Amino acid sequence: MQLLLVCSSGGHFKGLFQLEPFWRLHQRSWVSFDSATTRQALEGEQVSWAYSPTNRHLPNLLRNALLAWTVLRRQRPDVILSTGAGVAVPFLILGKLLGHKTVFVESITRIETLSLSARLVLPFLDLLYVHWPQLQARYPRAVLITSLSEGAIEAASG
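Under the working numbering, read the sequence shown as residues 1 to 158, first letter to last.
It is possible that some hints are incorrect.
Said to hold, decoys possible - Taking CB as the label site, the calculated pair distances span: (1) Leu122 to Glu43: 27 to 35 Å; (2) Gln46 to Leu97: 22 to 30 Å; (3) Arg39 to Glu112: 33 to 41 Å; (4) Leu144 to Pro59: 19 to 27 Å; (5) Pro123 to Leu66: 20 to 28 Å; (6) Thr109 to Pro140: 15 to 23 Å.
By construction, these hints were calculated from the structure, which means they are not laboratory data.
As the structure is a computational prediction, the values presented were derived from the model and not from experiment.
Glycine included, each C-beta is placed from N, C-alpha and C at the ideal position.
All chains should be built: construct the whole structure from the sequences, respecting the hints.
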């Protein structure tokens, strides 16, 4: 399976990097922000550096949408996997419109409501993972993170 891993730097990056037992088994490429931490952690990985900041910054939203178009057309991933935040929006929306499978893992800090990026991409997701039963109760199609497994993501790609 060919994965495209998309996330902001900081906590979103840490969350996606912690899924290494899953993604290390597959061909993959990354989209994130260029920082000392991400550059060091992704040494040897295929990376496309996105434009930051993304929150309420229209020029960078447009730049990242163009980057999404370029990356998706070139790499043709089976699954786009993201932990957010704003950089994920153009990749997941455009990815779904181009026929790719899309998976979003919501932040553990979101207990009762989805993040803005998750709400924006929700109609374009094949799979949404959440950490809290309270959040799953509000979004019944969400899967509790305790169920996160390679099989579930591979089934979404299927």
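Outcome of the hint check:
1. In this structure the hint that Leu122 and Glu43 lie 27 to 35 Å apart at CB holds, the actual value being about 34 Å.
2. Under the hint 22 to 30 Å, the C-beta atoms of Gln46 and Leu97, about 23 Å apart, fit the expected range.
3. For the hinted restraint 33 to 41 Å between Arg39 and Glu112, the CB-CB distance of approximately 35 Å keeps it satisfied.
4. Range check, Leu144 to Pro59: Cβ separation about 38 Å, and the 19 to 27 Å hint is violated.
5. One distance hint, 20 to 28 Å for the beta-carbon pair Pro123 and Leu66, holds here, with the actual separation near 22 Å.
6. For the pair Thr109 and Pro140, the beta carbons lie near 21 Å from each other, so the given range of 15 to 23 Å is met.
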